[in-house]
Amino acid sequence: MPEPVETPTPPQWAAGGVGQSPIRPDAESKVNGSFDYASDLAFEGMLWGHTLRSPHPKARIRSIDTAAARALPGVVAVLTAADVPGKLHYGLIEADQPVLAPGEVNYQGEAVAIVAAETLDLARRAAELVAVDYEVLEPLCDASKAVEAGEFFRYQPVRVGDPDTAEAAVVVAREYEVGMQDQAPLGPESGVAVPADGGLVLHVATQWLHSDLEQIAPCLGLEPERIHMAMAGIGGAFGAREDLSVQIHMAMLALRTGRPVKMMYDRAESFLGHVHRHPARMRYEHGADAEGRLVYVKAHIVLDGGAYASTSEAVVGNAASLAVGPYKVEHVGVDAWGARTNNPPCGAMRGFGGVQTCFAYESQMDALADALGLDPLEIRRRNSLAQGDQLITGQVVEAFDPAKAEDGRPFSPLRDLLGRFDDIPVPAVPAGRDIVELPGGTGNTTHGEGVRRGVGYGVGLKNICYSEGFDDYSTARVRLELVDGEPVAYVHTAAAEVGQGHWNLQQQIARTELGVERVVLLPNDTKVGSAGSSSASRQSYMTGGAVKAACEAVRELWADRDLADGPVEATRVFRHRATKPMDPVTGQGESHVQLALCVHRATVDVDVELGLVKVVDLTCVQDVGKILNPVALEGQIHGGSAQGLGLAVMEEIVTDEGRVKNASFTDYLIPTILDMPPMRLRIVENADPDAPYGLRGAGEPPTLSSTPAIVAAIRDATGLPLTRVPVRPEHLTVGRPS
Amino acid sequence: MSSVAAPARFGFHRPAAVDEAVRLLAEHPEAVPVAGGTDLMVAVNYRHTRPEAMLDLTGLAELREWTDEGDSVRIGSGVPYARITAELATVLPGLAAAARTVGSPQIRNRGTLGGNLATASPAGDGHPPLLATGATVEAVSVDGTRTIPIGEFYLGPKRSALKPGELITAVTVPKATGPQQFLKVGTRNAMVIAVCSFALALDLDTRRLGTGIGSAGPVPLTAPDAERLDLPWTDPARFDDALAAEFGRRVAAAARPIDDVRGTAAYRRHALAVCAARALRRVWTAAHERTGR
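For the record, the sequence lines run as chains C and X. When we follow my numbering, the leftmost residue of the first sequence carries the number 1, and every step to the right adds one. When we follow my numbering, the leftmost residue of the second sequence carries the number 1001, and every step to the right adds one.
Chain C with its partners taken away, still in its complex shape (with noise of 0.2 Å):
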């Protein structure tokens, strides 16, 4: 008989280990508010900064003077684009973005001078006393008219099969319209940059201290390995920390002060001072069969960059891409825009370029099912993509359990999320119900009068990770060492916990892998490699796959070695398989990594007399291929279906030829408690093979989701077509404003 195999067995899954939901690392601090967030930053001597931003969205600089800004006792330093020590432009992708305006400004908010004093009211009043000499301009407001004079960061078409010839029963042409969303993070921009043995610390709130510092150093002129980034306390981030903001205007202000200078913005500053997520107008017309199997779509789709790159590039990418969502078609004319204007610059923001067509496409599924008398839910798992199936730019789905093969069929992801809903019923109407369970809440503008319920459903497809052949990838660095007797695990990466519960999930991470109770977190800092951003969805398998490679490496060191004898230290740098770029032509290219799927139904009452809106309840399935922290993982579909509603009915940056109408809270309105209904979730795991755990990125897509959900609703309580998110009272009552 042969000798048993010694296999290596894993070590116990450790109490708060991956797939428990242990008390997060920072909860405490946060609930209690001792948290040090970067806005409560101080040191001694401190200086205070501020920025003078232009009041025009589009202007030539004739001449700035700032002697009498300089001659109030207590500013120390005022600066102009004269002062910049190196490079004059940064930006994420292209850095085509000023550090302070050399000679023309091209948005309202463009920063223009920053000044360093005692206090932050001096450097306010001593802003207020920079002269600047502006030649007003005509700005360029309009993405259409942008793109058609060829002002546009990318321009990315998707071609597949003969879409201007293929023949449908039933067609749906339509034009909708998505507006400016803010990603309105509660922590405001802020961070102190602290002079240094000949160069710098900056303590700063992002979601990529590495991207930051190859942005910062050449334009201080600085070797980056002269400025050391130590992450300060975020209070939310949700894409707006991806451009910097107070970065390099603070190190500047440092280096020609040789004090430490802080920077804070508040919520005005806040508002003018960070990317939005991008407006889109966007044409689509599909054609189906009488059965409502998709025959062609056609989508002319129009997003507005406003007036610096920042990530449009690559929001463009997933526009258009992502273009019909989670359905099989065969002929498809996508074209997809990213216009240069004078309106805000548009960035980041949780769903990245996979929010607005999702909104288009899915009231196009429900038009269609209106057309042909379809359910909603029919008509989308008649066309659900399934295992084997392309998606319009020729990558095929794939990563999905095939043993979950239905009849002979190969398996659908989407058909299996459709299907959870058969017994979840809708909510039933009660009776007897407060105010504040109305639309309108304690306002008290019904009882019950003009009161009808709507239903509506809404899917969502979300790429996860950097697409497009990035070389994506995270560091992480795991010393094990014998303290007091105990093994205790130190991590150590660069990744920010932007509220995600990052944190927590290496903690995890490490005491299921290595078997350990006690994991410290080392402070996130440049000293370590780079984890990547913050984005995309991508931490979990990212950050994620780094601790648990490094781990694994400490493990099969700790084999070999008692720890007695020292510690046991690895690092890892973790890789997702590589993607394509798209191709410029025909939009072809395996260019997504990860693709995740989100269902909501919601339940909305409308007061149709006066147009205002309570949701009642979201439902929401979402495939997360494996579960890691049901707490954590709760929280983000909550948060992003939030997002969502906020899109769907309430929130928008308001501009009037380029200049933002609503830069505070009083009017850029976020939902509250009164706003959001209890959610009522079924977390489906239908595991990736490829992907640590088999996990499957679960912050962005709720937030694509919810919104047409809610629109859906919101029709279907109308009967009104609606094809502009927010929905405003006014969209259903008295029509649009001209």
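By construction, these hints were calculated from the structure, which means they are not laboratory data. Glycine included, every Cβ here is placed at the ideal spot set by N, Cα and C. This list has only true hints and no planted wrong ones.
Computed list of chain C residues with no C-beta within reach of chain X, every gap over 12 Å:
#1 GLN20
#2 SER21
#3 LEU88
#4 LEU137
#5 GLY150
#6 GLY373
#7 ASP471
#8 LEU521
#9 LEU522
#10 VAL573
Residues on chain C that point at chain X, a partial pick, calculated with CB under 8 Å:
#11 GLY440
#12 THR442
#13 GLY443
#14 GLU609
#15 LYS614
#16 ASP675
#17 PRO729
Heads up, incomplete: computed chain C residues facing chain X, CB under 8 Å, no partners named:
#18 ARG124
#19 GLY441
#20 ASN444
#21 GLU449
#22 LEU610
#23 VAL654
#24 LYS661
#25 LEU669
#26 THR672
#27 LEU674
#28 GLU730
#29 THR733
#30 VAL734
Fit chain X to the supplied structure of chain C, relying on the hints for placement.
Okay, now just chain X, sitting in the frame of chain C:
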């Protein structure tokens, strides 16, 4: 702006009694009274105003009391909205309902009716019920006490009849003599500035209607033409939807709304017509259920 030259340090006065407060106000005309600070401090944070001095009213216990005056309630200008909702809902149902819609619970704990009046924003939630009930504002200065009928108080957007050196000490609101309603339209279900609002008070003793319109004109307004609508007092069952709709039309006609970021003029008129019709239907029904007719 000229305030740039102002000193970095500003004056802060904290009187312990009203007579001291008005004396300080006379001596320091630059001082801005502050109670809850829910309007003023937002304006300061946004640098819309940079007061050279503040007069802190929170030490004035007498402003934080309300008293039953028989036919009316005298509400100290420092009584926060939360207490109006909790303590005065029976006698002043319209005002209590309006107070419930102000801001968030934190704002309602600090914000005061006196502050609402002093700011005199056309969007202030307290104004329509004060107009509908014919309240009076009590203003005190070193020269004495003045009573201002609410209809004469609002002069323009954020402008009131309050004179320099005057401090709002109280608002006297007649007790309800019939059902009252307050409806506020906003694009969020709570914590929202009014797109428009409407208050209605039905006086069963005099068989009169009182109205108040918010956020639909340069000042809070009344709708006198709507108040004159003939109602079937002798045969309440004759009240019908057409009558309610006519009332709504007259209220909408009294509004002078504009288009702004919160809503369009057309929507405001439409919403006021709907709200006014609903309010009238509700108070009529409540009145005749109550009296058993």
